[in-house]
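A.B. asks: Hey, can you work out the whole structure from these sequences and the hints?
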Amino acid sequence: MTQVKRIIDVLSKDFVRSNDLNKKKGGLIALAATSIALGKETERFIEDIVNPILNCLMDSDMRVRYFASESLYNVVKVSRGSVLPFFPSLFNALSRLVIDPDQNIKNGSEILDRLLKDIVIESSQTFDLDAFIPLVRERIMVKNSFARQFIISWISVLNAVPEINMVMYLPEILHGLFQMLEDPLPEIQRMCESLLAQFLKIIKADPGAADIPKMTNVLIVQAQSNNTLIQFYAINWIKEFVQLYRGEILEFASGIFTAILPCLAFESDAKKSIKDCANAVNLHLLELVSGVGEDKQRNLSFLELDSVMEVLRQYLVHSPVPTKIAVLKWVHHLFTEVHDEMSEHANKLFPVLLRDCLSDSSDEVVLQAIVVLAEIVNSATVQGNYYYKLQYRTFLGELLGLFSDNNAFLEKRGTFIIRQLCRLLNAEYIYRTFAEILLGEPIGLATTMVRTLNMILLTTSDLFDLRNMLRDIRNEKSASLFDCLYRCWAHCPVSTLSLCLLAQCYQHALEIVNLFASMEITVDFLVEVDKMVQLIESPIFASLRLTLISHSNENADAQHLSRALYGILMLLPQTEAFHLLNNRLQCVPNYWGQRNKINSKSSIQSQGKVKFDELFRYFVEMQELIHQKRVEKRKKNQF
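Residues 130 to 768 (this note's numbering) make up the sequence shown, in order.
Derived from the structure by calculation, the hints contain no laboratory data. It cannot be assumed that every hint is accurate.
[What the hints assert, rightly or not] Below, in silico cross-link-like pairs of lysine-lysine (PhoX-like), each with a Cα-Cα straight-line distance of 25 Å or less: (1) K206 <-> K142; (2) K477 <-> K400; (3) K169 <-> K206; (4) K206 <-> K246; (5) K458 <-> K477; (6) K169 <-> K246; (7) K606 <-> K738; (8) K330 <-> K343; (9) K758 <-> K738; (10) K425 <-> K541; (11) K425 <-> K458; (12) K400 <-> K458; (13) K606 <-> K660; (14) K333 <-> K343.
C.D. replies: Following this line, the structure appears as structure tokens:
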């Protein structure tokens, strides 16, 4: 055997390492022949034979590289498992051969590659996987399609061997595998898709074998890729993980939201599958924080609420409509499920909901934002009645500030927002609180808001109960509400009049109409009266119209109302509203207009608990103040 070693040394030093290309090629052939001749004994000289051949694989001459690959194939074929200690060097050499520009060398490398894979499979129980993974990790980010094919094929082969657990090392190579999906060659994409499917199947069969935290973080990054295929597969994996690991996955909720929320706004057909998958993830996550019992509590224990809310709050600004709606639904859901924990986030949410969401161009976003705001206010009930009212005042004060800063916003969205709030919250509290706040606001804003609130009060079906409350001022609570609204409504004379008509305070309504004679009648005033006449014909004022022919209360209410309406008629120019009201009054019995004695003490107003004399004085003072402000404004405009 000493002679054999000398022969190998001579072949290596004098031929394979020679600068003469022909000697190199001859030496390579001779080393392969020596290995074949030695057979199983090659194992004793494997290092001396393999190393010189490996060096020639990096030779600049194409023919030398070809002969080296052929020689190495023959050596490996003979030595089989004994070559595995040199696997890192062999793998490194193969990774270069597969991208060699010469096709013959590539073909030769494929044969050698298959042989080496067979040997590894045969020796799977002794194969050093810890040494293999770093080799893959170093090359997993390559861009060359042939190199990618080489890496994928090796991972696939090893993953198919039952004795080898590749899932354990998956977090180290998962990022690179997803990046390979962007390869321009469809064949590489298919190979990568198949490999990812194999891994996912193994994970689903044995969820405990996977390192979820590391892999989920990789998936979150890949789910934000600009490549649609990468993005789809990453989100699909996230969906599977959510179903597999349920509550545990909520630990990564903030990252998952960062990945999926923008996808909910995709509109193109090319991204429909991504959108559908993201929607599925979103729904599964919602289910995890719903329900009752121990499962819900366990799931919520994984949820890092602070980081989740930070992400959700960011997506409420400058995001597409579907994303905003999804975020708002999440915020509402969290307030309903964990309102105690969410209460500390309310202050940070308020500015975003008010300034960004309520002014959004989408009605759906505005509506959903109102739902969230209503839930935040309602959740304050657990902290006591005082805090509840304080929340109303704070919220409505902020909303009023928004209306004040943007008059166009008030005109466009004001009615819609207030109507929805009344539907979701306590309408009485809303009106009472608005009225109290507006008393301290500038006359211009107060007047505009009163007109808006009054129109909503007289036209919205959801305020039926509130209107019924105002109609019964004999009740102390109703009288208190009327008094509160009246002092605010006094900013707008016609709105005050309509409030009195609604509350069946017809005697006071007549006093207000008579006062109009001493007030400045402007075009705006007449327009408001016109609108009020139109409303008198609406179903909401059906009881008012019936009062005109009622004999109740010794006809007191009917006569006061009749005279008030005749007074309004006399104020109107002969427009459509004039003829409308005139036609209505023609149906009233003639004796209502006669000067017969009215027993005012029999009226509903007289039976109420409202101090009308005091209110009337307040009304007069307010009209004088408004007139004074109007005069001052005219004087300023003259200069």
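A.B. asks: Now look at each hint and say whether the structure bears it out.
C.D. replies: Hints versus structure:
Taken as a hint, the K206 and K142 pair is honoured in the structure, with Cα atoms around 24 Å apart against an allowance of 25 Å. Distance check on the hinted pair: K477 and K400 sit about 34 Å apart at the alpha-carbon level, beyond 25 Å; violated. Between the alpha carbons of K169 and K206 the distance comes to roughly 10 Å, so the proposed pair stays at or under 25 Å and holds. With a C-alpha separation of about 12 Å, the suggested pair K206 and K246 falls inside the 25 Å cut-off, and the hint holds.
For the given pair, K458 sits about 17 Å from K477 by alpha-carbon distance, which is consistent with the 25 Å threshold. Straight-line distance between C-alpha atoms of K169 and K246 comes to about 19 Å, which keeps the hinted pair within the 25 Å bound. Between the alpha carbons of K606 and K738 the distance comes to roughly 9 Å, so the proposed pair stays at or under 25 Å and holds. Only pairs whose Cα atoms come within 25 Å are accepted, and K330 paired with K343 is accepted, the gap being roughly 18 Å.
About 33 Å separates the Cα atoms of K758 and K738, which puts this hinted pair outside 25 Å; it is violated. With a C-alpha separation of about 42 Å, the suggested pairing of K425 with K541 is violated against the 25 Å cut-off. With a C-alpha separation of about 18 Å, the suggested pair K425 and K458 falls inside the 25 Å cut-off, and the hint holds. Distance hint between K400 and K458 is fulfilled; the C-alpha atoms sit about 23 Å from each other, no more than 25 Å.
With a C-alpha separation of about 29 Å, the suggested pairing of K606 with K660 is violated against the 25 Å cut-off. Between the alpha carbons of K333 and K343 the distance comes to roughly 17 Å, so the proposed pair stays at or under 25 Å and holds.
Going down the numbered hints, you'll see the structure goes against 2, 9, 10, 13, while the others check out.
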